[in-house]
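Assemble the whole structure, with the sequences as input and the hints as a guide.
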Amino acid sequence: MIITEQAMESQEMKAARSYVKEVYESVISRNPGETEFHQAVKEIVDSLVPVFAKHPQYMHRGILESIVEPERMITFRVPWVDDEGKVRVNRGFRVQFNSAIGPYKGGLRFHPSVNGGIIKFLGFEQIFKNSLTGQPIGGGKGGSDFDPKGKSDAEVMRFTQSFMTELCKYIGPDEDVPAGDIGVGAREIGYMFGQYKRIRGGHEAGVLTGKGIVYGGSLARTEATGYGTVYFVDEMLKSKGLSFEGSTVVVSGSGNVSIYAIEKAIRMGAHVVACSDSNGYVYDKNGINLATLKRLKEIERKRISEYVLEHPHAEYHEGCSGIWTIPCDIALPCATQNEIDEASAKILVENGVKAVGEGANMPSTLEAIDVFLAAGVLFGPAKAANAGGVAVSALEMAQNSMRYSWTFEEVDAKLQNIMSTIYRNSVKAAEEYGHPGNLVVGANIAGFLRVADAMMAQGIV
Numbered sequence: 190m191i192i193t194e195q196a197m198e199s200q201e202m203k204a205a206r207s208y209v210k211e212v213y214e215s216v217i218s219r220n221p222g223e224t225e226f227h228q229a230v231k232e233i234v235d236s237l238v239p240v241f242a243k244h245p246q247y248m249h250r251g252i253l254e255s256i257v258e259p260e261r262m263i264t265f266r267v268p269w270v271d272d273e274g275k276v277r278v279n280r281g282f283r284v285q286f287n288s289a290i291g292p293y294k295g296g297l298r299f300h301p302s303v304n305g306g307i308i309k310f311l312g313f314e315q316i317f318k319n320s321l322t323g324q325p326i327g328g329g330k331g332g333s334d335f336d337p338k339g340k341s342d343a344e345v346m347r348f349t350q351s352f353m354t355e356l357c358k359y360i361g362p363d364e365d366v367p368a369g370d371i372g373v374g375a376r377e378i379g380y381m382f383g384q385y386k387r388i389r390g391g392h393e394a395g396v397l398t399g400k401g402i403v404y405g406g407s408l409a410r411t412e413a414t415g416y417g418t419v420y421f422v423d424e425m426l427k428s429k430g431l432s433f434e435g436s437t438v439v440v441s442g443s444g445n446v447s448i449y450a451i452e453k454a455i456r457m458g459a460h461v462v463a464c465s466d467s468n469g470y471v472y473d474k475n476g477i478n479l480a481t482l483k484r485l486k487e488i489e490r491k492r493i494s495e496y497v498l499e500h501p502h503a504e505y506h507e508g509c510s511g512i513w514t515i516p517c518d519i520a521l522p523c524a525t526q527n528e529i530d531e532a533s534a535k536i537l538v539e540n541g542v543k544a545v546g547e548g549a550n551m552p553s554t555l556e557a558i559d560v561f562l563a564a565g566v567l568f569g570p571a572k573a574a575n576a577g578g579v580a581v582s583a584l585e586m587a588q589n590s591m592r593y594s595w596t597f598e599e600v601d602a603k604l605q606n607i608m609s610t611i612y613r614n615s616v617k618a619a620e621e622y623g624h625p626g627n628l629v630v631g632a633n634i635a636g637f638l639r640v641a642d643a644m645m646a647q648g649i650v
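Note that my numbering has the sequence shown beginning at 190, numbered continuously upward.
It should be emphasised that the hints constitute simulated quantities derived from the structure, not laboratory data.
For glycine and all other residues, C-beta sits at the position ideal for the given N, C-alpha and C.
Using C-beta positions, here's what the derived DEER-type ranges look like:
no., residue 1, residue 2, range
1, Ser302, Gly469, 12 to 22 angstroms
2, Asn540, Gly458, 12 to 22 angstroms
3, Val270, Asn468, 27 to 37 angstroms
What follows is the structure, given as structure tokens:
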């Protein structure tokens with residue numbers, strides 16, 4: 190019996206789908222209850238079916254089975270003393286997921302929601318995000334269920350020093366290089382770096398990124414994730430003859446990523462009308478006042494509700510999901526995972542959204558992504574659109590190694606080039622593997638191939 194080429198391809202695709210399904214079911218059974226991790230794995234593995242059909246050697250070598258299993262998962266106790274003298278105990282986590290292309294690299298998140306499953310989802314995403322940057326960095330993530338909100342500087346210092354006393358055993362400039370994430374900013378990085386230096390007895394600047402400029406940080410690192418998200422979305426818009434100029438933009442969150450996405454969007458001529466925090470959101474028809482937002486959040490550490498006290502024409506609404514009911518041309522979810530569900534996505538589409546750029550990690554559910562793609566909305570997935578932060582972290586590591594600092598303009602130019610390259614590589618991979626225009630598939634494939642090829646070259650490790 191003669192088997193046609195089309196039928197043979199069909200058999201290869203069938204074998205690839207069966208393989209991916211088997212691996213995914215194994216992930217669920219071996220990691221019960223870790224729903225965010227399951228979601229992150231499913232999005233990736235479903236995208237990779239055409240890769241395994243075209244390159245069965247990846248299946249034969251068990252690359253997918255290896256890549257979904259962390260190389261190392263560390264959990265530890267973090268005891269500290271509050272201002273009343275009471276002993277508190279939190280949990281610390283670090284997942285060292287994949288080091289095929291470089292030392293583990295990924296942020297530390299301090300938030301009550303942090304648990305092993307959350308850290309694994311973030312670390313898994315980080316593998317492919319870091320790969321997309323083209324920099325020599327592997328995937329990792331960490332954090333604690335400690336909540337810095339409402340804590341004094343002294344309490345934060347005592348906690349972070351205790352946290353680093355244990356974490357320092359597992360990190361180093363050539364082993365694992367943490368950075369900040371939700372709840373971990375310049376203050377927390379500074380305290381942790383000081384404790385690491387105190388314990389190790391040397392100034393290993395490259396062990397942490399997001400440091401202060403005066404002790405080894407990089408110019409433009411603070412702005413990098415937000416700026417990078419806007420640069421990526423701008424590439425998407427230009428491909429369709431659109432731009433930020435004159436567009437109405439909604440940005441969720443009001444932390445580091447959100448603030449600098451707002452700043453860059455405004456500089457590109459956009460009209461940013463809303464932002465949020467974990468309590469609610471602000472809508473300002475005149476445009477968000479960036480100076481007020483920065484002072485409230487970066488200096489005074491107040492809630493977003495305080496914004497309307499200074500801008501009484503603005504509206505404050507309790508609850509976060511309502512922000513996506515505001516009509517906009519461009520939506521930039523920059524707060525947290527799964528903040529846009531299917532219902533919110535449908536409202537955005539009905540209100541005419543043209544582009545969505547994920548500044549946070551996995552802020553859209555799988556169902557929401559399907560809504561956007563089916564409606565023809567330009568969609569920039571997190572592992573591509575928010576890779577600017579870790580890209581500049583890698584540039585910070587490079588500067589630390591050279592004992593040299595680039596100017597803000599030099600770093601920003603490198604960031605723009607990296608984001609443009611990520612966009613082009615994602616577009617190319619999507620086209621090559623039969624999903625033209627689908628940047629979710631394209632980014633997943635482009636990120637996977639670089640890691641998989643490195644794993645193939647290094648043997649069974």
